[in-house]
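Trainee: Sequence:
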Amino acid sequence: MVTERLAIIATKGTLDMAYPPLILASTAASLGIETAIFFTFYGLNIIHRKKMHELKIAPIGNPAMPMAFPPSMQNPVTNAISSIFPGPPQIMGVIPGMTDLMSFMMKKTI
49 MVTERLAIIA TKGTLDMAYP PLILASTAAS LGIETAIFFT FYGLNIIHRK KMHELKIAPI
109 GNPAMPMAFP PSMQNPVTNA ISSIFPGPPQ IMGVIPGMTD LMSFMMKKTI
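Each residue of the sequence shown is one higher than the one before, starting from 49 at the first, in the working numbering.
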């Protein structure tokens, strides 16, 4: 009998790109598939003891990222902003502190 195997390469070290390889690997392992994740380049930040708590989300270059507000911040005003701007405008990425703000909001949502 042939053993099913899955190899996943994690190359990105941002908060939003840390989840897909981990979710795929845990799902495959629960289905009985032999699974391995190879962390390379910036993907090593996902498993680095000191850097794993500092993962961030870059709003620039990620046009499909939803502009979600954490449940504690949801009100009619923030819901209206989310409906007008379904994704963060690319110009927001150049504003100082926006990467930290988006990372903070994503961590609160998760």
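Everything labelled a hint here was simulated from the structure, so no lab data went into it. Treat the hints with care, as some may be off.
[Said to hold, decoys possible] Quick list of in silico lysine-lysine cross-link-like pairs, DSBU-like style, CA-CA up to 30 Å:
1) K98 x K156
2) K156 x K99
3) K99 x K60
4) K156 x K104
5) K156 x K60
6) K104 x K60
Predicted model only: the values in this text are computed from it and were never measured.
Trainee: Hints first: check each against the structure and report whether it holds.
Mentor: Hints versus structure:
1. K98 x K156: Holds, because 20 Å separates the two Cα atoms, which is no more than 30 Å.
2. K156 x K99: holds, 19 Å
3. K99 x K60: holds, 13 Å
4. K156 x K104: holds, 13 Å
5. K156 x K60: holds, 21 Å
6. K104 x K60: It holds: about 11 Å lies between the C-alpha atoms, which stays within 30 Å.
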